[in-house]
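Construct all of the structure, not just a fragment, from the sequences and the given hints.
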Amino acid sequence: MNLLKARLSALLLWWAWMPAGAYLVWILFRYGFSGMGTWSQWWRITVVQRMWLPGGSFGHATGLFWFWVAVGLAGTAVIVLTGDERYASRRRASGFVATVAAIASAGVLLVPFLRVVWDNDKDEGRYYNRATTWHITDGANPPASLAYLMRGAREGERGCSYRGTADVRGCVQIDKLSGIAAWEGRTSSYASAQQMMTHAASPAPKVDFWEDTLTYLYGAPPKPGGDSGPGIWTAVLDGSGKATPAYGIASWDGASNTVKVACRFAPGDFDRAFHGARGNSLPNWLGEKYPDLLWDEDDVWGYCQGAKPVIVIPVKRQIGVKNRSVMTAAGVLIVTGDHGVHATYRRTVRAGDLPGPAYPESLTVLQRKATEWAAGRKWRSRASFGFKPTVDDVQGSNTSEYLLRGPGDHLYYVTPLTPNASRSQAFIAYAVSPADAATDGRLNPMDLYVLPDGDPNVANLNALTNKATDAVRGIDPTFLNTGGRLEEFTPLGGDMWRVYGVRRGLTEFYVDLSITGRTSPRTVNVSSTPNPGGKTTPAVSGCGKPPGEMSTRELANCIGSLGDELRRRNGS
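One gets my numbering by counting positions in the sequence shown from 1 and adding 37 to each.
Just so you know, the hints here were simulated from the structure itself, not pulled from any lab data.
All of these numbers come straight from a predicted model, not from anything done at the bench.
Hints should not be assumed to be uniformly reliable.
As the list claims (entries may be wrong) - Each computed DSBU-like pair below joins lysine-lysine, with the alpha-carbon atoms no more than 35 Å apart:
id	residue 1	residue 2
1	Lys425	Lys406
2	Lys213	Lys159
3	Lys359	Lys425
4	Lys359	Lys326
5	Lys425	Lys415
6	Lys279	Lys359
7	Lys326	Lys279
8	Lys159	Lys425
9	Lys345	Lys297
10	Lys159	Lys326
11	Lys297	Lys326
12	Lys279	Lys243
13	Lys406	Lys326
14	Lys243	Lys425
Said to hold, decoys possible - Computed beta-carbon distance windows for the label pairs:
id	residue 1	residue 2	range
15	Pro304	Asp158	47 to 57 Å
16	Gly343	Ala53	56 to 66 Å
17	Ala177	Lys326	29 to 39 Å
18	Gly445	Met88	19 to 29 Å
19	Ala53	His236	55 to 65 Å
20	Asp446	Arg559	20 to 30 Å
C-beta atoms are modelled at their ideal positions from N, C-alpha and C, and glycine is treated no differently.
Quick look at the structure:
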């Protein structure tokens, strides 16, 4: 007892300084700095929970927590042995306590710490693969890319046609891959919309097009035998600094040279900005009002409800799983203006409730990447099991999670995939996940459709580029030689793909083509340039002057006009 009393203050200080310090810092951010919601949120969710106690409880303690316990026990042994022990009985007691503490420290490092560290990354894969299903057409002859998942797979187990033997869920279904049969594509490329918005969207000082929010919203669903209504690109016009709030929503129809302010906040209706500082910071305000909700900038988008801007933030929630934290869906925040910021939290969003995505794209990316764990750690490490998006230049910066409309007018995130650790540009699989519905605490399902080996619908970018180039030269021999380029092959389902013809930042047309040659390429004009049927554009004035007397803009317009006339004469 005397030993404990003599060392009690030192032991308390040794064990308590770190949690006490963390708690004091949280109090400082929470109550000492009003309006610092993001910092308070970061400290509580990232530093305390993600790094130490996911879920806020000891039931999911991380490896760092157990390492701290081991160091604490080792320090206890040192503290107990330190000092002038004048009596043999005290020295024996000190030695006994120190020995127990040292053994306990070694035990913590060898059992809970080692177990947590070893399985930490796999536990993330286990969680996300709960919602993943693999689809193939023949279990007896599975695709070579799934050989490691199918090796020893058990047939007809727990609702799956086959189930992998790894300690990560690997559910395989046998079907006709109908989930990749048909999608509706956009009418212009992402890169084209990005360039148009960047150059023309900013309407006022300290207000800019927010690139991360660029989203394509589909028009009215297609009627039987007809085309769908026109879609539009939208983006949030965000403010910045200490005083300029968000401005509104910009839109581009994908065809004209004009970017519009589709709707804007009336003066005084909205008083913060996503990129604002101090009292003008919307993230700080959201962090204080909704401290448990997290979001990525890439997931934010906006639209106009009549004349009023609406900003949608698909949100996530951090939860504890095993000895780590993971993300799950949490619904959406609907942000509008009403004498200041007004936010509504919706835990559940059903398909059709919103004109755009309700499920975070960033969460879909995590689920897609986690599929590499489906065959277990061994084949993930040794054979690089799994798939990845292509990296070819023709795809630009948009290679994954295409927002496409599918059957039933539902929105999906669709990603064509190639084998991991391979130079192949062949699209042999597709990751598909619903985008227009979300439920708090629940992952949306992800379906991985893997084509059979040698399937004629397997596409590669070289073959697609060659087919598209031939089609473009057939309708406009000058396009590729006058600044035009092909951008962004996106899947339409089955053997059909769409590629965009872009010149001077404007999508002039798109080409729908069959990788199998089942149908002839179909070119659809989307800009004011003529289509193959022979319609003409208004004449460009000033082209009779000598080239040296023309301005750069006049010269570019005239060259484009000459190309358009050649296309009209050559059109079929």
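Consistency of the hints with the structure:
1. For the hint pairing Lys425 with Lys406, the CA-to-CA distance comes to about 8 Å; that is within 35 Å, so the pair holds.
2. A distance of roughly 31 Å separates the Cα atoms of Lys213 and Lys159; the hinted pair therefore holds under the 35 Å criterion.
3. For a cut-off of 35 Å, the pair hint linking Lys359 to Lys425 stands: about 27 Å separates their Cα positions.
4. Of the pairs offered as hints, the one joining Lys359 and Lys326 holds, with about 29 Å between alpha carbons and a cut-off of 35 Å not exceeded.
5. With a CA separation close to 19 Å, the supplied pair Lys425 and Lys415 stays within the 35 Å bound.
6. Proximity of Lys279 to Lys359 is assessed by CA-CA distance (about 42 Å); at most 35 Å being required, the pair is judged violated.
7. This hinted pair checks out: Lys326 and Lys279 have alpha carbons roughly 20 Å apart, not beyond 35 Å.
8. As the CA atoms of Lys159 and Lys425 are separated by approximately 18 Å, the hinted pair is consistent with the 35 Å bound.
9. With a CA separation close to 14 Å, the supplied pair Lys345 and Lys297 stays within the 35 Å bound.
10. A distance of roughly 34 Å separates the Cα atoms of Lys159 and Lys326; the hinted pair therefore holds under the 35 Å criterion.
11. Between Lys297 and Lys326 the CA atoms are separated by roughly 32 Å; this keeps the pair inside 35 Å, and the hint holds.
12. Among the hinted pairs, Lys279 with Lys243 is consistent with the structure: their alpha-carbon atoms are about 10 Å apart, no more than 35 Å.
13. Proposed proximity of Lys406 and Lys326 is supported: the alpha carbons are some 32 Å apart, at most 35 Å.
14. The straight-line distance between the Cα atoms of Lys243 and Lys425 is roughly 38 Å, outside the 35 Å bound, and the hint therefore fails.
15. Taking the beta carbon of each, Pro304 and Asp158 are about 51 Å apart, inside 47 to 57 Å as hinted.
16. Separation of Gly343 from Ala53 is about 57 Å and conforms to the stated range, judged on CB atoms against 56 to 66 Å.
17. Between Ala177 and Lys326 the beta carbons are some 56 Å apart, a value that contradicts the proposed interval 29 to 39 Å.
18. Roughly 43 Å separates the CB atoms of Gly445 and Met88, a value that falls outside the hinted 19 to 29 Å.
19. Hint check: Ala53 to His236, Cβ distance near 58 Å, so the stated range 55 to 65 Å holds.
20. Here the CB-CB span from Asp446 to Arg559 is close to 22 Å, well matched to the stated 20 to 30 Å.
Hints 6, 14, 17, 18 from the earlier list are contradicted by this structure; the remaining hints agree with it.
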